[in-house]
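There are 2 protein chains.
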Amino acid sequence: MLIVQKFGGSSVANAERVRNVAAIVADAYRAGNDVVVVVSAQGDTTDDLIAKAAEINPNASKRELDMLMTAGEQMSASLLAMAIKSMGLPSISLLGWQVGVKTDSNYGNARIKSIDTERLTAELSRRNIVILAGFQGVNKYEDITTLGRGGSDTTAVAIAAVLKADLCQIYTDVDGVYTADPRIVKGAQKLSEITYDEMLELATLGAQVLHNRSVEMAKKYHVDLEVCSSLERKPGTKVREVVTMEKLLVRGVARDDNVARVTIIGVADVPGMAYKIFSVLAAAKVNVDIILQSIGRDGSKDIVFTVKADQKEETVAALKRVSILENAIDVQVDDDVTKLSIVGAGMETHPGVASKMFEALFDANINIQMIATSEIKISVLIRKQDSDRAVQAVHDTFFAK
Amino acid sequence: MLIVQKFGGSSVANAERVRNVAAIVADAYRAGNDVVVVVSAQGDTTDDLIAKAAEINPNASKRELDMLMTAGEQMSASLLAMAIKSMGLPSISLLGWQVGVKTDSNYGNARIKSIDTERLTAELSRRNIVILAGFQGVNKYEDITTLGRGGSDTTAVAIAAVLKADLCQIYTDVDGVYTADPRIVKGAQKLSEITYDEMLELATLGAQVLHNRSVEMAKKYHVDLEVCSSLERKPGTKVREVVTMEKLLVRGVARDDNVARVTIIGVADVPGMAYKIFSVLAAAKVNVDIILQSIGRDGSKDIVFTVKADQKEETVAALKRVSILENAIDVQVDDDVTKLSIVGAGMETHPGVASKMFEALFDANINIQMIATSEIKISVLIRKQDSDRAVQAVHDTFFAK
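Protein sequence lines correspond, in order, to chains S and D. Going left to right, the first sequence walks through residues 1 to 401 as the working numbering numbers them. Going left to right, the second sequence walks through residues 1001 to 1401 as the working numbering numbers them.
Please keep in mind that the hints were generated in silico from the structure rather than gathered at the bench. Every value quoted in this text rests on a predicted model; they were computed, and no experiment measured them. Be a bit skeptical, because a hint or two may be false.
[Claimed, not checked] Computed, partial: chain S to chain D, Cβ under 8 Å:
| hint | residue |
| --- | --- |
| 1 | V18 |
| 2 | D48 |
| 3 | A51 |
| 4 | E55 |
| 5 | L68 |
| 6 | S78 |
| 7 | A83 |
| 8 | S86 |
| 9 | L89 |
| 10 | N139 |
| 11 | A328 |
[Unchecked claim] Far from chain S by the CB rule (all over 12 Å, computed), these chain D residues:
| hint | residue |
| --- | --- |
| 12 | E1073 |
| 13 | S1076 |
| 14 | S1078 |
| 15 | Y1141 |
| 16 | L1167 |
| 17 | D1175 |
| 18 | D1181 |
| 19 | V1288 |
| 20 | I1290 |
| 21 | D1302 |
| 22 | K1308 |
| 23 | L1361 |
[Said to hold, decoys possible] Computed, partial: chain S to chain D, Cβ under 7 Å:
| hint | residue |
| --- | --- |
| 24 | A54 |
| 25 | I56 |
| 26 | A60 |
| 27 | E64 |
| 28 | A71 |
We treat Cβ as the ideally placed atom computed from N, Cα and C, and that holds for glycine.
Okay, chain S solo, but in the shape it has when bound (with noise of 0.2 Å):
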């Protein structure tokens, strides 16, 4: 088998972590697997240089943070490599140029346009152990970029799809995907198995464990995923493309904390009214969530939606740029509220699913201030103050076992 291991920054902290990570790359190699193994910079790396940086210019220019930044991965995966080296196997350590991970020129937030094989796969024939820094790429003028949150996540699953690795193991310091935040909600309990669309809901949804870019390349390139703990030797969670072992309704309970509601009340219902106002907040960069309209008095209209409670200053700043707003009767926005939702790739032929959480919550005498629903997700916005008792709630009514 052709397996491709990543490891976060936390799994190599330290040369005590990196020495763990070793022995856990060392058991797949010795089991007779060919191994790449993609690294991110260890503990708080990245962190110091980005302050570093801060110190000596505070708007200094992506193209150079990236340079800067890319030491940090460059550094953990020499030391990996030199750790791997001591157990007696063979190993080596690369850059991102030096397999062509090719990208756009998109400093900061890079795509990823290529991967060369051909060093990789040299490698892979000696019988090495390659060892690749992650999150970093090079673009046409031969300039070190790198990939954005969650990059090396991408690099691991890009580099599964071109390589055509048969598992692609996503190694965190938690040991897989739960059907809620098992520090939060009572009774969370560990998913063997979920698909790419419902893990790509969850992780939009608040739900950590994995970074959508890189779940939405595995989905398109057929490349099985497992998250699992580089701290505890057991079985992670399998994301794929169908799930066959288990047959739940819903697969997990997320929730969103970063979460304001606009509500608009009595908008003149002009022509391209609803383009007017997210045209706006589209150009100031702001991502409306959940959006709905209704018929308000005297045939004005009043619109809800909700945006991410960071971005709730652009948000005001934006619709006061909106004219026809000049004449609404009341604009609020209120980040008092969490964003709590289920998901599940049955629930689409199961109308029962939300009725049965809209009851849970309604047992639990908690408000339901909006709904939105998809295929395999239902959200519904309530107050902040009531979210641990609604997940745990919502939670009980689906998972209680």
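For this one, chain S is given, so just place chain D on it according to the hints.
Showing chain D alone in chain S's frame:
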């Protein structure tokens, strides 16, 4: 003018120092020059990285150590580019592989084979201040190499050579080359000029301002060097082919405490005797410096030579393998010695220089154990306890005002 400036690790050790270097670079650029800057890793970065590697694998391969350590220059190069940009000047950081610093595959101590000028000249033609990570190159396998001790100096001189720069400034924490170590010798004077050959002799003899490899390369490619301080803005010492300004017979006094004297008394005078001794030492990679041979009693010979004191053990072990020494009367190794040298291109045509040096030592009641001369150098071996007084006495003789 096209100027190459090199700044060592202490010159960029922290944000304040980086800003200080940026100001020096900015002055050169604003004066209308094209500027390429070569930087070392910040302060103790390289030592810290070596310690990290040692913790994980005390026998780490040189290839992986090079991968690890070059991250240091990458970080300092990007930080300096950020500092220069914050002053409103255009700047770009580049790595060894990005400007095609091609080396052999001798990891840890690679030699530069060629440098592409395309990227460098393109950036200069855009009026960018180029910040190049020193010490690093790339071999034919596209693996990263380092240039060994003094590697950033070598990078700077090599870049100056291929770009045919008008001047290569080496900024350090001293402000130039002195007639003797100013921390030890009273009255030591800064030289405004010195020839390559004199600089080479001084470096060999213990003056640690410039590494010999970079001076040799500067001589070969006719690169005008200037050694100057990054802390004080004043003229440094120019190193070039011919010195016109000063007519000093002696350019400097140097001492080397890393010396051991080996005395072999009464070795049989057979053909190839010297060859047999010194070929064994060469095979053991022992560097032999001064060699004296004289006729001893009974037709046997006495041989005295010096080696580096830190190679004493290898020397003794190697001599045990020389069969013709089995019947020698005595073999002694003594590292309680110092080599004291005077250097000056003018002395070859002035035989009085040597006697003036010996007179100074005689007046100070210092015994001379060995003497060796070349066209531009006279070295004597003395007891270590006499060395401070000896350096001062000789310096006073030649440089007293």
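Hint by hint, here is what the structure shows:
1. Hint on V18 of chain S holds. Least Cβ distance to chain D is approximately 6 Å, under the 8 Å limit.
2. Below 8 Å, beta-carbon pairs count as interface contacts, and D48 of chain S has none with chain D, the closest being about 10 Å; its hint is therefore violated.
3. Taking 8 Å as the C-beta cut-off, the interface hint given for A51 of chain S is violated, the closest approach to chain D being about 10 Å.
4. Here the hint on E55 of chain S is kept, as its CB sits about 4 Å from the closest CB of chain D, short of 8 Å.
5. Hint status for L68 of chain S relative to chain D: holds, with the closest Cβ pair at about 4 Å, below 8 Å.
6. With 8 Å as the threshold, the beta carbon of S78 of chain S comes within range of chain D, its nearest partner Cβ sitting at about 4 Å, so the hint holds.
7. Hint status for A83 of chain S relative to chain D: holds, with the closest Cβ pair at about 5 Å, below 8 Å.
8. Annotation: S86 of chain S was flagged as interfacial toward chain D, and the flag holds, the nearest CB pair being 4 Å apart, inside 8 Å.
9. Taking 8 Å as the C-beta cut-off, the interface hint given for L89 of chain S is violated, the closest approach to chain D being about 12 Å.
10. For N139 of chain S, the interface hint is violated, since its Cβ never comes within 8 Å of a Cβ in chain D; the closest pair sits about 12 Å apart.
11. For the restraint placing A328 of chain S at the interface with chain D, the shortest Cβ-Cβ distance is roughly 44 Å, beyond the 8 Å limit, so the hint is violated.
12. Chain S draws E1073 of chain D into its interface by the beta-carbon criterion, the shortest separation being 9 Å against a cut-off of 12 Å.
13. The beta carbon of S1076 of chain D is not kept farther than 12 Å from every beta carbon of chain S, the shortest such distance being approximately 9 Å.
14. A Cβ of chain S approaches the Cβ of S1078 of chain D within 12 Å, the least distance being about 4 Å, so the stated non-interface status is violated.
15. For Y1141 of chain D, the requirement that its beta carbon stay farther than 12 Å from each beta carbon of chain S is not met, with the minimum near 9 Å.
16. With a closest Cβ-Cβ approach of about 26 Å to chain S, L1167 of chain D is found to remain outside the 12 Å limit, as its non-interface label requires.
17. Distance check for D1175 of chain D against chain S: the nearest CB is about 25 Å away, which clears 12 Å, and the non-interface claim stands.
18. Separation of D1181 of chain D from chain S is adequate, the least Cβ-Cβ distance of about 34 Å exceeding the 12 Å criterion.
19. For V1288 of chain D, the shortest C-beta to C-beta distance to chain S comes to about 36 Å, beyond the 12 Å cut-off, and the non-interface label holds.
20. Every C-beta of chain S lies more than 12 Å from that of I1290 of chain D, the closest at about 41 Å, which supports listing it as non-interface.
21. At roughly 50 Å from the closest C-beta of chain S, the C-beta of D1302 of chain D stays outside 12 Å, upholding its exclusion from the interface.
22. With a least CB separation of 30 Å from chain S, K1308 of chain D remains clear of the 12 Å interface cut-off, as annotated.
23. Every C-beta of chain S lies more than 12 Å from that of L1361 of chain D, the closest at about 51 Å, which supports listing it as non-interface.
24. A least Cβ separation of about 10 Å between A54 of chain S and chain D goes past the 7 Å threshold, and the interface hint is therefore violated.
25. Interface restraint check for I56 of chain S: the shortest CB-CB distance to chain D comes to about 5 Å, inside 7 Å, so the restraint holds.
26. Using the Cβ-Cβ criterion of 7 Å, the hint placing A60 of chain S at the interface with chain D is satisfied: the shortest such distance is roughly 4 Å.
27. Residue-level restraint check for E64 of chain S holds (minimum Cβ-Cβ distance to chain D is 5 Å; threshold 7 Å).
28. A distance limit of 7 Å between C-beta atoms decides the matter here; for A71 of chain S the minimum to chain D is near 4 Å, and the interface restraint holds.
Violated hints for the displayed structure, listed by number in ascending order: 2, 3, 9, 10, 11, 12, 13, 14, 15 and 24.
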